[in-house]
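Asks: Listed below are the residues making up each chain.
There are 2 protein chains.
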Amino acid sequence: MTKITMIGAGNLATHLSRALQHADHEIVQVFSRTEKSATHLANQLDCPFTTDLNNIIKSELAIIAVKDDAIEEIEKHINFPKVHTSGTKDLDCLTKSKVGVFYPLQTFSKTSNIDFESVPICIESNDSSFYELLSKLANSITNKVYRLDSKQRRQLHIAAVIACNFSNLMYRFSEDICKEHSIPFEILQPLILETANKIQSLPPSKAQTGPAQRGDKLTIKKHIAALEANSDLQAIYKTLSNSIKKHS
Amino acid sequence: MTKITMIGAGNLATHLSRALQHADHEIVQVFSRTEKSATHLANQLDCPFTTDLNNIIKSELAIIAVKDDAIEEIEKHINFPKVHTSGTKDLDCLTKSKVGVFYPLQTFSKTSNIDFESVPICIESNDSSFYELLSKLANSITNKVYRLDSKQRRQLHIAAVIACNFSNLMYRFSEDICKEHSIPFEILQPLILETANKIQSLPPSKAQTGPAQRGDKLTIKKHIAALEANSDLQAIYKTLSNSIKKHS
Numbered sequence: 019m020t021k022i023t024m025i026g027a028g029n030l031a032t033h034l035s036r037a038l039q040h041a042d043h044e045i046v047q048v049f050s051r052t053e054k055s056a057t058h059l060a061n062q063l064d065c066p067f068t069t070d071l072n073n074i075i076k077s078e079l080a081i082i083a084v085k086d087d088a089i090e091e092i093e094k095h096i097n098f099p100k101v102h103t104s105g106t107k108d109l110d111c112l113t114k115s116k117v118g119v120f121y122p123l124q125t126f127s128k129t130s131n132i133d134f135e136s137v138p139i140c141i142e143s144n145d146s147s148f149y150e151l152l153s154k155l156a157n158s159i160t161n162k163v164y165r166l167d168s169k170q171r172r173q174l175h176i177a178a179v180i181a182c183n184f185s186n187l188m189y190r191f192s193e194d195i196c197k198e199h200s201i202p203f204e205i206l207q208p209l210i211l212e213t214a215n216k217i218q219s220l221p222p223s224k225a226q227t228g229p230a231q232r233g234d235k236l237t238i239k240k241h242i243a244a245l246e247a248n249s250d251l252q253a254i255y256k257t258l259s260n261s262i263k264k265h266s
Numbered sequence: 019m020t021k022i023t024m025i026g027a028g029n030l031a032t033h034l035s036r037a038l039q040h041a042d043h044e045i046v047q048v049f050s051r052t053e054k055s056a057t058h059l060a061n062q063l064d065c066p067f068t069t070d071l072n073n074i075i076k077s078e079l080a081i082i083a084v085k086d087d088a089i090e091e092i093e094k095h096i097n098f099p100k101v102h103t104s105g106t107k108d109l110d111c112l113t114k115s116k117v118g119v120f121y122p123l124q125t126f127s128k129t130s131n132i133d134f135e136s137v138p139i140c141i142e143s144n145d146s147s148f149y150e151l152l153s154k155l156a157n158s159i160t161n162k163v164y165r166l167d168s169k170q171r172r173q174l175h176i177a178a179v180i181a182c183n184f185s186n187l188m189y190r191f192s193e194d195i196c197k198e199h200s201i202p203f204e205i206l207q208p209l210i211l212e213t214a215n216k217i218q219s220l221p222p223s224k225a226q227t228g229p230a231q232r233g234d235k236l237t238i239k240k241h242i243a244a245l246e247a248n249s250d251l252q253a254i255y256k257t258l259s260n261s262i263k264k265h266s
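Chains E and P supply the protein sequences, listed in that same order.
Heads up: the first sequence at position 129 corresponds to 147 in our numbering, and the numbers run straight through without jumps.
Heads up: the second sequence at position 25 corresponds to 43 in our numbering, and the numbers run straight through without jumps.
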């Protein structure tokens, strides 16, 4: 059992705190600048809270789960072992002796419930005993724990933006087309899910299908012509089809 | 119970035949130009097969589940009610009296098993009684049946290419980044699945996250700099981030 101070009360802090408490760790305090968020999470966890950086309770570690921009300002006030949870920030943005990174790679939202057991956690530390503590902590809430250094984590974050945010943009383009032509978007939902499902067992490079992959120039030409009214999407269609052709 | 002649023995023909047989319809014959494919599917279904277009057995309907390019050549030989299964071909590429389209929107592969109950089927016909037959047939294997005309189906196909094939391209880019930096790609699998999962209950336009969506210029700038060695992907990253910003 590890005693933890939770810094932040947003989506990640909430999901993470619940998972840690569920695995019998103790959240000794929640900090948030906003009293409403602090009390909301503290009530869920049945633990104290503070909105004052000078009143943070010392514990075995502080988990700093706040916006990237706020990490450096906040971490100065914490003089005991601490980790941040950011995909983009280097380990050395944290000062003092024992520091680490505890980066769960998943998209968290207020509404949807995430089963933490399947969330990969990437860890890093400047101290081997602290690394061991982080590794144990991570392994107590998920069976997917990875050691990545700051450079790898930065690259992983880029890969995540492309795989997650840009895929969602593709879904949005398709949603726009459906709306424009009075087609229920739900027709595409099973296809989208199966596409993501496929790459759980097959590398994406082996899962590619579609007109560009099979060199079906006629269909590509027709699609490009049909997108004439939307020149941005038309250009993106061309670029991405060319990229698939190049890869295939 | 409907008597059906299955024209084709590829992935779609195989999955569709099995689902139809499972729903107590009778596949009276399988046609394929390739004897190996024809026998393979006919054996699974325990039904006759032919490789000769002049020996096709007449039934209540022929389902033409072959490559788009082959539809017009093959359909000439079928002089009883028939449908094609293509997303891109118009209804009127089929000649003679009762014709229709029976378009299951899903990505089918030899290896993965698809539960047909959740596969949307889009139907269209030039004849109201034949439309009724197609509607009954579709409803016997799935609970997602949609009436779409040829123009809508063409647009849906474009939307499907964008949502499915282009998303897979995003997965491939992220796979490439992982490989280059010795990061196990499996770290991204849960995120990719959750991203597709989210839009099962939330419109993609409401599900957008990431640096471009929240206007995090610094992160975008860093990502673009980190992609310097791959100018194609760098350009795509810029274009798609700008598109998210425009939409947000």
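No lab work stands behind these hints: they were computed from the structure.
Be aware that a few hints might be false.
No copy is singled out in the list; a pair is fine if it fits within one copy or between any two copies.
Straight-line C-alpha distance at most 30 Å; calculated DSS-like pairs for lysine-lysine [as the list claims (entries may be wrong)]: (1) Lys21 with Lys239; (2) Lys256 with Lys239; (3) Lys21 with Lys235; (4) Lys85 with Lys240; (5) Lys154 with Lys264; (6) Lys240 with Lys162; (7) Lys94 with Lys263.
Asks: Now tell me if each hint is right for this structure.
Replies: Hint-by-hint comparison with the structure:
In this assembly of identical chains, lysine 21 and lysine 239 lie within 30 Å of each other by CA distance neither inside one copy nor across copies; the values are 61 Å within and 37 Å between. Proximity of lysine 256 and lysine 239 under a CA criterion of 30 Å is satisfied in both settings, with 9 Å inside one chain copy and 25 Å between copies. When the C-alpha separation of lysine 21 and lysine 235 is checked against a cutoff of 30 Å, the pair qualifies neither within a copy, at 61 Å, nor between copies, at 36 Å. Taking the shortest alpha-carbon separations for lysine 85 and lysine 240, only the inter-copy value of 17 Å comes in at or below 30 Å, while the best intra-copy value is 45 Å.
Within a single copy, lysine 154 and lysine 264 get their C-alpha atoms no closer than 44 Å, and across copies no closer than 43 Å, so neither meets the 30 Å cut-off. Taking the closest pair of Cα atoms, lysine 240 and lysine 162 come within 30 Å of each other only across two copies (27 Å); inside a single copy the shortest separation is 44 Å, beyond that limit. In this assembly of identical chains, lysine 94 and lysine 263 lie within 30 Å of each other by CA distance neither inside one copy nor across copies; the values are 50 Å within and 33 Å between.
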